[in-house]
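K.L.:
Quick note, the sequences are listed as chains B and Z, same order.
At position 98 of the first sequence (counting the first as 1) the number is 98 in our numbering, and the numbers step up by one without a gap.
Just add 683 to the spot in the second sequence (first one is 1) and you have our numbering.
If you are wondering where the hints come from, they were derived from the structure by calculation, not from laboratory data.
Be aware that a few hints might be false.
The calculated EDC-like cross-link candidates involving lysine to aspartate or glutamate, where the alpha carbons are at most 20 Å apart (straight line), are [to be verified]: (1) B/Lys202 <-> B/Glu547; (2) B/Lys366 <-> Z/Glu1222; (3) B/Lys366 <-> Z/Glu1215; (4) Z/Lys1049 <-> B/Glu536; (5) B/Lys366 <-> Z/Glu685; (6) B/Lys202 <-> Z/Glu1052; (7) Z/Lys1328 <-> B/Glu369.
There are 2 protein chains.
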Amino acid sequence: MEYTTFYFIVGSGVLALIFALWRSSWIAKQDEGTEKMIEIGLAVREGAMAFLAREYKVLSIFVLAVAVLLYIGNISQGTELVAVSFVVGAFCSALAGFFGMRVATLANNRTTQAARTSLNKALIVAFNGGSVMGLSVVGLGIIGLTILFWVYGGLDSAANLGRVMTILSGFAMGASSIALFARVGGGIFTKAADVGADLVGKVEAGLPEDDPRNPATIADNVGDNVGDVAGMGADLFESYVGSIIGAMVLAAAAGVSNLVMLPLLLAGIGIVVSIVGTFFVRTSEGGNPQTALNIGTFGAGALMIVISYFVIDYVMPTAVNMSGKDVSGLDVFLATIAGLVAGITVGLLTEYYTSESRKPARAIAKSSETGAATNIIAGLANGMYSTAWPVVTIALAIIVAYYFSGLYGIAIAALGMLSTTGIQLAVDAYRPIADNAGGCAEMSGLPAEVRKRTDKLDAVGNTTAAIGKGFAIGSAALTALALFAAYRETVGQSMAGGLVLDINDPFVMAGLLIGGVLPFVFSSFAMKAVGEAAFEMIEEVRRQFREIKGLLEGQAKADYARCVDIATAAAIKRMIAPGLLAILTPVLFGLVFKSATMLGGVLAGVTVSGVLLAIFMANAGGSWDNAKKYIESGELGGKGSATHKAAVVGDTVGDPFKDTAGPSLNILIKLMSVVSLVIAPLI
Amino acid sequence: MEYTTFYFIVGSGVLALIFALWRSSWIAKQDEGTEKMIEIGLAVREGAMAFLAREYKVLSIFVLAVAVLLYIGNISQGTELVAVSFVVGAFCSALAGFFGMRVATLANNRTTQAARTSLNKALIVAFNGGSVMGLSVVGLGIIGLTILFWVYGGLDSAANLGRVMTILSGFAMGASSIALFARVGGGIFTKAADVGADLVGKVEAGLPEDDPRNPATIADNVGDNVGDVAGMGADLFESYVGSIIGAMVLAAAAGVSNLVMLPLLLAGIGIVVSIVGTFFVRTSEGGNPQTALNIGTFGAGALMIVISYFVIDYVMPTAVNMSGKDVSGLDVFLATIAGLVAGITVGLLTEYYTSESRKPARAIAKSSETGAATNIIAGLANGMYSTAWPVVTIALAIIVAYYFSGLYGIAIAALGMLSTTGIQLAVDAYRPIADNAGGCAEMSGLPAEVRKRTDKLDAVGNTTAAIGKGFAIGSAALTALALFAAYRETVGQSMAGGLVLDINDPFVMAGLLIGGVLPFVFSSFAMKAVGEAAFEMIEEVRRQFREIKGLLEGQAKADYARCVDIATAAAIKRMIAPGLLAILTPVLFGLVFKSATMLGGVLAGVTVSGVLLAIFMANAGGSWDNAKKYIESGELGGKGSATHKAAVVGDTVGDPFKDTAGPSLNILIKLMSVVSLVIAPLI
């Protein structure tokens, strides 16, 4: 049976890539529009690709250096192939990012052109663009993992599984490393460009959004691509493979070989279901694109649940022993559902605390009437409060998943949220394409109705995006715990009674405190980086307005490329410190201090504090953003009022919260767990 | 020997009260100044006392209700006297607050009057006023504890010690409960009044600070007293008795009776040393009051270290067994020093991250040049980063203290910081008196040189205050851990192998997450409460300007009492929810869910996340405050510039951070631990 499963899984990955290729070539054939549109599209594409090239250059040095260290360090254990897994994981993630962003930047102006004729056509171009990112990620993820698993002999001998998984875990470490740098770097780029374009272009010079006279406008559009397409893609690639590997390692540690394959199998089914889902994304002129996206994603999710039930039942004909429990197929299925329900709940809570139409964001808008300070206090208070129910939900999911299937249940619960990543990511990546298409319409001077259509596309998907965020946070917490459990199992093998992490032990408690501090330090780095990079961008935009004669009158052309360059250099320089912090901390405690217990405390501390800060920052940022939008919709004095100005302050503070620091924290906690897992045999 | 020690300890407490009484009567005899000054002094005093009366009324209902529940719940265990300890602890704390604030409000206008003639005279009146608070707290704390310990039979039978300490721990719970409500209530009052006075009076109406035409100005001065005198006093009362009881419980659990008395003995010596220290606080006209305060506090500290060494050596002639270690007198002394060094380090770090003359606050001032948003981002980033080294310091202190003396070492390290609370609190309470004296000078229309003298008094003590903050945070973390350890020992007595809190256990992990979320929710409550109370105050001040004819022209009198009333009602109403959250959570997990492991996780989670948020909020708030002051000193455009306006936004956000939520978190973590300890026998 195992080889049949193997062929199916690899086949589903290949199918994903063929589908992505097919969609790419379809997009390439679409009309590019006017000469001006082609020019703008090209500028954004070139800027985005230049950023990626420079980012990958830095990362390849990092990857090679780490690979050499991993290889040398693991020779004594005979696990030096972990270096290969690491490189392959990093490469697959980078490749998926490259594909996805290349096609997204091709789709931008083609979506604009499509929007000149019909809403449905524009929706399809944009969504197809996003689906290339989505399916490249899952396709490359599953092919890379499965092929390595096979090469390392995972299919041949059940006795060998523990060693194979130790080696394979390098794949997740590679993916996590790329993800952290891509998220942080992309986040810095996009916010620096955004702030530069807004603060000087819009506020100081009084230009409208996406005005071609604004030198930072191309950089702003490039930022959407490097942050929301490439950054997000690497992020989800990491979540996806992390949750799969977490479950596989725990199953291997328990010695249950059919449960080792199950995560891959579920992921393979998720790919097929995602592809099916994409065909349901259609709308008519005047129709609601939201409905189309909902049918696609929720339909795929529902289908996934039904098929999972039968597949799990088939893979597990009898109950097995996991963490000292008798676990049946139904138990594993219920753990999966616990994860899914928790993810959706967290997502809906996210929507509640951030949505423009709900009480919290409206209260923040109201508090802007007494100025920026009360707006900030209200947003921070809302963000802090908003951590409560999501964290309780996650805590319950942990207990329920464990109740049904032990530690494996926690890992499979995370996978429950991520199995349909293919279509979820397609929806996520669709939005920046629609956003860019709007920018292109504006800069090319197309009629207002075109922009109206792209705005309509950009405005939808809030619920889907919120649930995506819920999945991101929920699965990050569960995957981090699964990887953390895998770390303990690996370290504990050589200890009588396993690795006990008793909080009574002062080293564990000290570890908890030090781990808890890391997300604060990391967020501080990220926010400072955005501030500094934005400052450079502001200076440059001011310089161009000052030095380029006739720019503001529309008689001279802005030097877009210089702005893109500055954002690129700033982002790449500043992504390094937070990235190294995440990778070196486990190495310091594990290999320098040689304290498996203290490192255990650090991991638990970073997970707890990371989840809290991630939710706090994402929701505070989201609610500030929507409070401002609510005022801009004409409420409480509308655009340009003192209330609006106060709300803009909150929105600006929220930008690095929700787009740089917040989402990076999800990766941070997993990266630290996976680094610990990889170095576990050496402690 | 024990009775001799007992007499010395009680004697030192009585000495403290006699000293406080002597200082009070001395202050009462000082000249009150002009009729206007008497009137203002009276208004502030009446407002402050009215607040206290209303607060105590609400608290007495709470205390009685909890006492009844404690009594009934403990009958089955024969520990119902814990209810008595609880009531006595609450009463002693409230009484200390009453004494301290009564004398502080007497000292206010007398300090102003003294400042009309000399700086030294003003310093002495203000400092003597503060020293009444300081010595009332330590005197009542130690007398209450020691007498109860004697009444319960703690001196008579070593076998009985465990039970005595279980009963006695109610004293700390009483003190903590009062402290939490007093800190939160006082914090809300003071910030609501402050924001109301500033935003409407200063910004909208353009009045100078402390102008008598501003209706909120008396409330603002009352706020300084209820927040910085009564709130702070209750806070330190709680820290003081909490650290003593934490050490006593752990010594009793280890069955080492001479170590049970040691914390009380050290506290008694600390009182004598503090009284000696107060006599060194003297300065000359043109002299630096800072030097005077430093000689007093650091002199007392140094003396304490020397005496401690000999006392500990005398009490512990031979090594004893604690947490499975052989612990000598030198070991216990070194643990004490570890705490002291950690506290001073955290304090100096606090000063670095917040001081007007250091890089971080200046960088925040600089970032205000690009507006309020960048000011906020820089302040938040600084606050987050500033958690790193203090937490590492605390983690090291935990490991070092444990290394020398086991869990007892952690508790005694906390006491190392707090033994000279008498003089430390005198310095803390001296500042609001100087602040109020300045307000009185302004409102009474005294010559500028008077205000200059009081400003000079108000401006000093930064280093002392910063170290005080370091002690507050450091000792809170260590005391919480000690109480937490005491909880585990108590619960673990009935379990084979004791209570193991393994992070691998999903209930512990879920507890960690839920515990971690509480400080976020608590802070959110506190910040929202300040926002809402400030809003009511703003409305009232605007109403008075609108409705009282001739007020702004100085021809009519403002209705000060109405503002005081509004702040009082708002603060008392809003202190209840956060207070109940802290008390009910351990009850929920311990007595409703009956899960000692999950409650253990919750306590560890609340401690880690509470310490992080407390440092983050205190330092972010402090740095915003000083960034604004730096600009006001004439830098970067000075007062009234756009840069200054941006910095004011940060300062306003920082107010509830540093004066309401931040310091309350220190109490929250201890209160939850002590409630758990008290209910431990019932779980």
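K.L.:
Confirm or reject each hint.
P.N.:
Each hint tested on the structure:
For the suggested pair B/Lys202 and B/Glu547, the alpha carbons sit about 18 Å apart, so the restraint of at most 20 Å is met. Taken as a hint, the B/Lys366 and Z/Glu1222 pair is honoured in the structure, with Cα atoms around 15 Å apart against an allowance of 20 Å. Between B/Lys366 and Z/Glu1215, the direct Cα distance comes to roughly 12 Å. Compliance with the 20 Å bound is thereby established for this hinted pair. For the hint linking Z/Lys1049 to B/Glu536, the alpha-carbon distance of about 14 Å falls within 20 Å, and the restraint holds.
Proposed proximity of B/Lys366 and Z/Glu685 is contradicted: the alpha carbons are some 64 Å apart, above 20 Å. The hinted pair formed by B/Lys202 and Z/Glu1052 meets the criterion: a straight-line CA distance of about 18 Å does not exceed 20 Å. The suggested pairing of Z/Lys1328 with B/Glu369 holds, with an alpha-carbon distance near 17 Å, which does not exceed 20 Å.
Checked against the numbered hints given earlier, the structure breaks only hint 5 and satisfies all the rest.
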